[in-house]
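Model the placement of chain B on the given structure of chain A, informed by the hints.
These protein sequences, in sequence, are chains A and B. For what it's worth, the working numbering labels the leading residue of the first sequence as 1, then goes sequentially. For what it's worth, the working numbering labels the leading residue of the second sequence as 1001, then goes sequentially.
Please keep in mind that the hints were generated in silico from the structure rather than gathered at the bench. Keep in mind that this is a model prediction, so the values were computed, not measured. Mixed in with the good hints, there may be bad ones.
[Said to hold, decoys possible] Taking lysine-lysine and the DSSO-like style, the derived pairs with C-alpha atoms no more than 30 Å apart in a straight line are: (1) A:K10 x B:K1111; (2) A:K7 x B:K1043; (3) B:K1198 x A:K10; (4) B:K1111 x A:K7; (5) B:K1043 x A:K101; (6) A:K3 x B:K1158; (7) A:K41 x B:K1158; (8) A:K36 x B:K1158.
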Amino acid sequence: MFKVFGKLTKISILTFWLIFTIFPLYWMFLTSIRAKTETTKHFYYPHGNSTLDSYRKLFEQYAFGTYIKNSLVVSISASIFVVFIGLLGAYALARYRFKSKSQIMLVFLITQMIPGLIALAPLYLLLSRINLLNTLYALILCYIGGMIPFATVMLRGFLQRIPPDLDEAALIDGCNRFTALFRVVFPVALPGIAATFIFSFVQCWNELFLAMILIDSDSNKTYPVAMRSFIGAYYIDWGGLAASVMIGIIPTVLMFALMSKFMVSGLSAGIVKG
Amino acid sequence: MQNSLFKVARKDGKKSKNFLGPLLFLLPALILISIFIYYPVFKTADLSFQNFKLYDQGNIKFNGLENFRGIFQDLHFKRIIQNTVLWVTVSLFFQVTIGFIIALYLRNRFKFSGLYQGIIFIPWALSGFLMGLIWKWIFDDNLGVLNNILLGWNVIDKPIPWLSNANWAMAAVIIANIWYGVTFFVIMILAALQGVPKEMIEASELDGCSRAQTLFRIIIPYIRPTLILIILLRIIWITNFPDIIFGMTSGGPNEQTHILSSWLVQKITYDQDWGSGSALALLILAILFIFSIFYLLATRLEKESEV
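Looking at chain A on its own, in the form it has when it is part of the complex (with noise of 0.2 Å):
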């Protein structure tokens, strides 16, 4: 009787957060594709008028396509360099030991501790005086340098579970240290690899207030800031702001998709923020 109990219980809570979860994307979802005369009804299945006209408009009325481009070259080589640079640092203080080494790692931990938005007049500043403003590159070194602690904390969880033995080995053969990493670690550290890479994808993909700040033209405009933009506007078009909402989450979703075997691992190995 007791146990009847608890399992009624936990399939009720289940239940309860899988569709207290699923309900504000299904909703969003289905008033992206009604038809213009009815956004603002409450049907709770698709109906048959169902169009996808308010898509079509985002990309016949707005520059929606350009955003989408933009967003996925800041996203792709930011995440690419982040990756890079943060194995770099993750295999120096995952394999050698050497003189500080628990100052340094101090140096990456503090900066979870350190609001990302302290950083926007500074970096507003630092990048006009450098004659980048308003150009893709600011947001790229902007998200890398970011995103760099995060991603050595995290690939270092990772390369610490694979054997140092392996690119011993290595080195006797004859690599050095740099080209055991890229010949020999690479490719059995790829999950965490991808990992990484996929989280940094989502943070710079989510990124709003330095795109905002960064962005000023409306060519250059990444996702997020040409959404803030477009509900700018005196009435909102909830047709279209809830199809701009849909296309604006698949990658992230997506890319969500491809990771969620690593998930539970993968992030709880850096203890990241996020």
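Chain B only, in chain A's frame:
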């Protein structure tokens, strides 16, 4: 916790008397971190003592503590502090509790548990700002589906002014934040739970412990260090997470749903008052730093008194 991390790091790895090798590997990361994370902290400290308004650049000068005074004397300051405390504590309480319960349930695999896990982890991948927009649509006073459902079920007899009344709006943004943040705790706690040795749990059950006793006497003490650390990181993170608020209310109505960090963004991007914004940023950093020290001391003291 940090000390134990370093010990693990020292145990493995090859001895190297050469300092240059690891330094070369670390150099790119250290340079970028210095420029993009540590330099802004010092620059912020510098800016916070200046009259620095973007629209009035001819008049940039040192103005002492004027920016800080402006913040403390702001009409909305008290409300914003209250909101920040509420935002952090209420969100955190529900995120931890719900996250813990779900992680406990997911510990033992069941049919479709992989799929279930995949679905409830989705919010983690989404942009806080876009999620704010989704919740804004759901909470909309007149057209929102939530009022529609509540009216339909006769829970309420007139629409709740979710986003136009300051207190309801605060509740709304916190609900959205709970929705968003539970995933993090499920992931972290699930990972921690997988580290609890099965034999320990089995032994305690053999000894006649009830489920609750096993949970509170065995499991929670075992994962305590992880819990302490992730809760601290999360407090810092939630304090600096204005994205949902920006999507839902932009701090409105009448600045009544601002928290410290959304107020900071407002000062930097809309008001373009960077002196005041920097002072506020410094204030947030100081609060979090002092809080972290007390938090770590308190959790350590508690542990020592147990022994």
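Hints, verified against the model:
Taken as a hint, the K10 of chain A and K1111 of chain B pair is honoured in the structure, with Cα atoms around 14 Å apart against an allowance of 30 Å. Restraint check for K7 of chain A and K1043 of chain B: the C-alpha separation of about 56 Å exceeds 30 Å, so the hint is violated. For the hint pairing K1198 of chain B with K10 of chain A, the CA-to-CA distance comes to about 21 Å; that is within 30 Å, so the pair holds. For the hint pairing K1111 of chain B with K7 of chain A, the CA-to-CA distance comes to about 14 Å; that is within 30 Å, so the pair holds.
Between K1043 of chain B and K101 of chain A the alpha-carbon distance is near 27 Å, which keeps this suggested pair within the 30 Å criterion. At roughly 41 Å between alpha-carbon atoms, K3 of chain A and K1158 of chain B are farther apart than 30 Å, so this suggested pair is violated. Restraint check for K41 of chain A and K1158 of chain B: satisfied, since their Cα atoms lie roughly 18 Å apart, inside the 30 Å limit. Restraint check for K36 of chain A and K1158 of chain B: the C-alpha separation of about 27 Å stays at or below 30 Å, so the hint holds.
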